[in-house]
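Peer 1: Chains as they are written, first to last, in this note's numbering: chain A, 1 to 308; chain B, 309 to 612.
No lab work stands behind these hints, which were simulated from the structure alone.
Be careful, since some hints might not be right.
[Said to hold, decoys possible] With beta-carbon atoms standing in for the labels, derived distance ranges:
1) B/Ser356 to A/Ala43: 56 to 64 Å
2) A/Lys211 to B/Asp515: 51 to 59 Å
3) B/Leu380 to A/Gly56: 49 to 57 Å
All residues carry an ideal CB built from backbone N, CA and C; glycine is no exception.
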Amino acid sequence: MHRFIVKRLLLLIPVLLGVSLLVFAIMSFTPGDPAQLILGENAPLEAVAELREEMGLNDPFVLRYARFVGNAMMGDLGQSYTSGRDVFDEIFSRFPNTLILAALGVIIAVLIGIPVGIISATRQYSMIDSGSMIFALLGVSMPNFWLGLMMILLFSVNLGWVPSGGYSDWSSLIMPAITLGTGSAAIITRMTRSSMLEVIRQDYIRTARAKGVAENVVINQHALKNALIPVITVIGLQFGYLLGGAVLTETVFSWPGVGRMMVDAIRQKDAPTVLGTVVFLATTFSLVNLFVDLLYGFVDPRIKSQYA
Amino acid sequence: MSQEMTLALNETSAEATRAAPKKRSQWLEVWHRLKRNKMAMAGLVILSLVVLAAVFADLIADYETVVIAQNLSDRLQGPSAQYWLGTDEFGRDIFARIIHGARVSLMVGVLSVAIAIALGGSLGAVAGYYGGKLDNYIMRVMDIFLAVPSILLAIAIVSALGASLMNLMFAIAISSVPTYARVVRASVLTVRDQEFIEAARAIGGSDARIIFRHIIPNCLSPVIVQGALGVAGAILSTAGLSFIGLGIQPPEPEWGAMLSGGRQYLRHAWHVTTFPGLTIMITILALNLLGDGLRDALDPRLKH
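Turn these sequences into a full structure, and let the hints guide you.
Peer 2: Next up, the structure:
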């Protein structure tokens, strides 16, 4: 198991190098001169040329990339072209906001998805089952930024219950978390239902019933343990996805997170910030995925034995 | 030698006689199964309506005079007999813009998935068929792409190349290439070692012929299903990117861009954001229903 963890951690290195190379290459093809951007449009040509030299922008691509990686490993992602602030510090001051939103989103999704999935599976083809499947289908089909807008319309504009954006107190968390969690809730519901349906057809469940075990014990203790294995993976993947993909939700609610920082940086053509945020979010996403894989081995000993 | 020849000949002629009528009936059978699925049929009907609206958009509303031209005296009007779904902040008919927006969404959706299937499918097929080092290299590169959430990758590409229809399509296609590479590789791996491939190789079929004539047709089902769901994903991404200003640029009508434009007027004009969003949802819903239905129809064993 330890070897497996080490191997997976080592595999992360080429992945992260690849991701950063990919984004670095994309960003360096972006038209526009950073030196010009910093000094303003009316800056004299000599000053721009001087700054270009100073920033190392005239160096070959490989050298610039190597310097970026070297600095990034020391926790230096450069300075923002627009605010001059340290990108790394800025990301870390905003990351807790993104994290709390993603965590709440996943919690909401789990609290809705798993119970509804179990009820649907145990009453397959009933009204409850059809109803929850329709909701799940709507949940995966709805653009979440639109859901956010509609909630603002109803709860902020019309009812005035909660603030429409920003981060002032806990009440401003409610709508972004629900917006973010809805899609995941739908996916977890569908996954729990289909996994449960598969498990309750197995022989050991029939045996438990034949022994006279109460139905709720059969479902909640015998079936649930096995049914949840694939669901746990999905929950983990959703968490990673919400961390990395909260861009739109953060934009809708003016949420001071990393995703919105990236969108603002793109609008201002602030390359170091874009690069830093994308690499950071991709790294977090990969780490969460790695953790999910390890967790998977933990909840299902059959998988662990393959890597031992 | 002659015995082998006759054997091979027998096999091919037997295959030919079986294949000719069966090939048709197989797809016919899928269609029959799909037809029995009411939800999938509902999806197909809705999708057909969207496609028809996109095709005949010019007959429903003129692009220059109705969809693009501003009419400030009628701005932010609620739904009425004249403007079925109201007007936006420039006094343009929202219904007409939604209809014309269907063209953009469907085009980006279908073309980007087509590009992704062509690129990802070929990579996956090559990786799965040849295996070994090549497989390892290709799939490790795919892993790198998969390490970035696809919306982030698309955002990075569009922000670097600049916002335009072509770049948007390219970005969405590239960000979904690894998905198709994985799907195709997985199904090639299951087909590759089967006896009919061995038979094709024994009668001297070239690699290209085996891949294109024998392997790819047998790997189509998962690609079709993934493709239908992929179009839904691409339409959502288009809307999302346009919403943050990285997709289709105004004044061209696009569903996500319409949402973004109406956002400031949420307080005074609910219809500007409500209807384009509903349209996106209904279209995605139709594609999801159809995709689910296709999955069940193409592989009845998967159904519970």
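Peer 1: Decide, hint by hint, whether the structure agrees.
Peer 2: Taking the hints in turn, this is what the structure says about them:
One distance hint, 56 to 64 Å for the beta-carbon pair B/Ser356 and A/Ala43, holds here, with the actual separation near 57 Å. Evaluation of the 51 to 59 Å hint for A/Lys211 and B/Asp515 yields a pass: the beta carbon distance comes to about 57 Å. Here the CB-CB span from B/Leu380 to A/Gly56 is close to 50 Å, well matched to the stated 49 to 57 Å.
In summary, the structure agrees with every hint in the numbered list given earlier.
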